[in-house]
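The numbering of the sequence shown is my numbering, which starts it at 12 and goes up by one.
A hint or two may mislead.
[Stated by the list, open to error] Listed next, the in silico SDA-like pairs over lysine to any residue satisfying Cα-Cα at most 20 Å (straight line):
id: 1; residue 1: K203; residue 2: D129
id: 2; residue 1: K270; residue 2: E214
id: 3; residue 1: K203; residue 2: S143
id: 4; residue 1: K270; residue 2: G239
id: 5; residue 1: K127; residue 2: S167
id: 6; residue 1: K203; residue 2: E152
id: 7; residue 1: K203; residue 2: G268
id: 8; residue 1: K127; residue 2: E145
id: 9; residue 1: K203; residue 2: S189
[As the list claims (entries may be wrong)] For each label pair, taking beta carbons as the anchor points, the in silico distance ranges come out as:
id: 10; residue 1: K86; residue 2: A53; range: 45 to 55 Å
id: 11; residue 1: R311; residue 2: E286; range: 34 to 44 Å
id: 12; residue 1: Y298; residue 2: R179; range: 35 to 45 Å
id: 13; residue 1: P245; residue 2: E152; range: 29 to 39 Å
id: 14; residue 1: S290; residue 2: T78; range: 53 to 63 Å
id: 15; residue 1: G297; residue 2: K127; range: 19 to 29 Å
id: 16; residue 1: H80; residue 2: N168; range: 41 to 51 Å
id: 17; residue 1: D129; residue 2: D309; range: 24 to 34 Å
id: 18; residue 1: K127; residue 2: K86; range: 16 to 26 Å
id: 19; residue 1: E152; residue 2: Q277; range: 48 to 58 Å
id: 20; residue 1: Q83; residue 2: L267; range: 33 to 43 Å
id: 21; residue 1: E293; residue 2: E88; range: 51 to 61 Å
id: 22; residue 1: D129; residue 2: E85; range: 37 to 47 Å
id: 23; residue 1: E85; residue 2: L123; range: 23 to 33 Å
Keep in mind the hints are simulated off the structure, nothing from the lab.
Just so you know, these numbers come straight off a predicted model, no measurement behind them.
We treat Cβ as the ideally placed atom computed from N, Cα and C, and that holds for glycine.
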Amino acid sequence: MSQDDRKLVLFAAAVLLVMCVLPAGLLLGPLHLGDGEAARLAAVLTFVGVLVTASVTLIGFMVNRQTEHRLQTEKAEQSRQLRLDSAMRAGQLIAPADGSSSDPAALASGLLALTKLDNADLAVTLLVDLWSSENPRVSHETAVLVIDAALRSPSSNAQLIAAELLCRHSTRLNPCQSLHWPSAVEGCWVPKLSPRAKLLLVEALVNMTLAGPTNESALRAVAVRLYGIWRDDPDDRVRGCIGKLIDSLISRLNDLGYKDFMQGTQQVMLNELREAARSRNENPDGYLDRLSTRFAADLRDWAQRCGGLPTEHGCLATAD
């Protein structure tokens, strides 16, 4: 029973006590009745009737409140049980009871079903083995969708595992393909990520970019993605490091002659990128400062080699 319900019970008991004691006290005490005092008796009985009505109403309210609370509890329990049953069925798609291996479609369905059932922790943990470098059993696209759901989840553990997985496989992904990068950080950011998860995502972005194609599409994509981090992260130390990375791209971006850049649903102007580049700063953590300086140098060399339009499918997605 909740604290509010206990208060209501005590209040109802007090009302009932008053209803029983007060009329008797009045009749036996100050309002002791004699002959010819029918009017006073009628008044007392009327008062008692009001108390009875109020008590019945209060008791009815308490009963309804308890009933509603019980129904809500039962509904929540049923919903939890349904999610658990659905999660178990999703797990059976991933690992059939007969020991046979699941086909990629069943694996993808099982993992994505878990993310929809608020089980991103379990889905991304299973992904560790299913998306191995030696024997991947799910596609890059499916893995990125699971990682995206984990990054959006409230679980810091799921977010960290997702960032670690993305960093581990980043060199196998194509920066020009939208399905190869989580939409949660596609030109935007998740500021509540832990510092380690943020570092892993930045490293994943840099490694994916450096291992990918050297064309204008890849250059535009990394510029918008870095700007999203710089714009949305409240930590000045993070913004200073990201500003350093953006600054390493500015010279080549100026050479392209474009004024706006689009990636996913985000559009960034060249002036905004220049503003971000001007915020570059040294990080008080010497290790992180050296790491960001190395990343910036690698990106600068890579950007100078970028040129020409992409020829693979989806190239229009990064056009003006």
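For each hint, the structure was consulted:
{"no.": "1", "hint": "K203 - D129", "in the structure": "holds (18 Å)"}
{"no.": "2", "hint": "K270 - E214", "in the structure": "violated (27 Å)"}
{"no.": "3", "hint": "K203 - S143", "in the structure": "violated (28 Å)"}
{"no.": "4", "hint": "K270 - G239", "in the structure": "holds (17 Å)"}
{"no.": "5", "hint": "K127 - S167", "in the structure": "holds (17 Å)"}
{"no.": "6", "hint": "K203 - E152", "in the structure": "violated (25 Å)"}
{"no.": "7", "hint": "K203 - G268", "in the structure": "violated (35 Å)"}
{"no.": "8", "hint": "K127 - E145", "in the structure": "violated (28 Å)"}
{"no.": "9", "hint": "K203 - S189", "in the structure": "violated (23 Å)"}
{"no.": "10", "hint": "K86 - A53: 45 to 55 Å", "in the structure": "holds (49 Å)"}
{"no.": "11", "hint": "R311 - E286: 34 to 44 Å", "in the structure": "violated (19 Å)"}
{"no.": "12", "hint": "Y298 - R179: 35 to 45 Å", "in the structure": "violated (20 Å)"}
{"no.": "13", "hint": "P245 - E152: 29 to 39 Å", "in the structure": "holds (32 Å)"}
{"no.": "14", "hint": "S290 - T78: 53 to 63 Å", "in the structure": "holds (59 Å)"}
{"no.": "15", "hint": "G297 - K127: 19 to 29 Å", "in the structure": "violated (43 Å)"}
{"no.": "16", "hint": "H80 - N168: 41 to 51 Å", "in the structure": "violated (32 Å)"}
{"no.": "17", "hint": "D129 - D309: 24 to 34 Å", "in the structure": "violated (39 Å)"}
{"no.": "18", "hint": "K127 - K86: 16 to 26 Å", "in the structure": "holds (20 Å)"}
{"no.": "19", "hint": "E152 - Q277: 48 to 58 Å", "in the structure": "violated (20 Å)"}
{"no.": "20", "hint": "Q83 - L267: 33 to 43 Å", "in the structure": "violated (58 Å)"}
{"no.": "21", "hint": "E293 - E88: 51 to 61 Å", "in the structure": "holds (54 Å)"}
{"no.": "22", "hint": "D129 - E85: 37 to 47 Å", "in the structure": "violated (20 Å)"}
{"no.": "23", "hint": "E85 - L123: 23 to 33 Å", "in the structure": "holds (29 Å)"}
In the structure shown, a violation is registered for the earlier hints numbered 2, 3, 6, 7, 8, 9, 11, 12, 15, 16, 17, 19, 20, 22, in ascending order.
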